[in-house]
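J.: Line by line, the protein sequences give chains A and B.
Start counting the first sequence at 2; every next residue gets the next number (my numbering).
Start counting the second sequence at 10; every next residue gets the next number (my numbering).
Since the hints were made in silico from the structure, they are not lab data.
Because the structure is a prediction, the values reported are computed rather than measured.
Just to be clear, a hint being listed does not mean it is correct.
[What the hints assert, rightly or not] Okay, derived cross-link-like pairs now, SDA-like style, lysine to any residue, Cα gap no bigger than 25 Å in a straight line:
| hint | chain 1 | residue 1 | chain 2 | residue 2 |
| --- | --- | --- | --- | --- |
| 1 | B | K108 | A | M28 |
| 2 | B | K113 | A | I112 |
| 3 | A | K10 | B | M93 |
| 4 | B | K18 | A | L46 |
| 5 | B | K74 | A | D99 |
| 6 | B | K108 | A | P101 |
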Amino acid sequence: NAGVTQTPKFQVLKTGQSMTLQCAQDMNHEYMSWYRQDPGMGLRLIHYSVGAGITDQGEVPNGYNVSRSTTEDFPLRLLSAAPSQTSVYFCASSYRLDQPQHFGDGTRLSIL
Amino acid sequence: AQRVTQPEKLLSVFKGAPVELKCNYSYSGSPELFWYVQYSRQRLQLLLRHISRESIKGFTADLNKGETSFHLKKPFAQEEDSAMYYCALSGGSGGSNYKLTFGKGTLLTVNP
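Please model the complete structure; the sequences and the hints are all you need to start from.
T.: Below, the structure written as structure tokens:
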């Protein structure tokens with residue numbers, strides 16, 4: 002039982018490059034979300050999804066796109082990376098939002 | 010709007026001393042409240058939730074609706090309790106408005 006799997010674990014990008022952070026869960030959870038974790042800022046919600054085909058913006062969505070074509074996968078896309086997007090990114094999932102969240106190990110992303 | 014406030018960014022105590030991590034929330038309805046913990050270089054994990062009314066690793070948290078607080082307490086801190094602690098609130102008006110909001114976190118250091 003893998004739980005929530007994030008890839009890659011580390012990534013360095015140049016300003017302007019694009020990339021996709023992958024998130025997959027094998028628990029048949031409907032709710033999935035992406036957070037970024039920055040020192041002194043805690044966890045901030047980027048985008049979330051309440052089911053396949055349904056996504057919505059969180060607190061800090063600018064510069065990020067998401068899609069949810071299957072229940073299992075919820076990739077996060079950076080279309081044109083900026084240094085301000087240097088952060089640790091966490092994916093989480095749960096059956097419902099009022100249920101405990103299961104987190105992935107995180108992706109450390111550096112934008113030069 | 011829902012909000013979670015953790016007034017202390019850093020908290021340092023000695024081993025064996027009592028510890029209290031503060032969490033205050035702003036929410037008009039009946040919230041679901043959680044404490045998550047992140048040990049060094051590990052993924053975030055659920056510590057406890059108010060609806061369970063249980064003690065995990067010696068920690069307890071009581072929901073005080075009058076003071077809109079959900080403080081985390083442990084009578085005798087251990088060195089292995091050193092970690093980042095996040096208070097989180099789940100609430101909304103239903104459907105896509107339902108959100109999970111995290112506080113900015115408190116870094117607890119337990120000194121020998």
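J.: Mind checking the alpha carbons of K108/B and P101/A for me, to see if they're no more than 25 Å apart?
T.: holds (13 Å)
J.: Take the C-alpha atoms of K10/A and M93/B, compute the straight-line distance between them, and say whether it is at most 25 Å.
T.: Cα-Cα ~20 Å, so holds.
J.: Is K113/B within 25 Å of I112/A, Cα to Cα?
T.: holds (23 Å)
J.: Given the hint that K108/B pairs with M28/A, test it: the Cα-Cα distance must not exceed 25 Å.
T.: holds (20 Å)
J.: K18/B and L46/A: Cα distance at most 25 Å?
T.: Answer holds: K18/B to L46/A is near 19 Å, not above 25 Å.
J.: Holds or violated: are the alpha carbons of K74/B and D99/A at most 25 Å from each other?
T.: holds (18 Å)
When each numbered hint is compared with the structure, no violation occurs for any of them.
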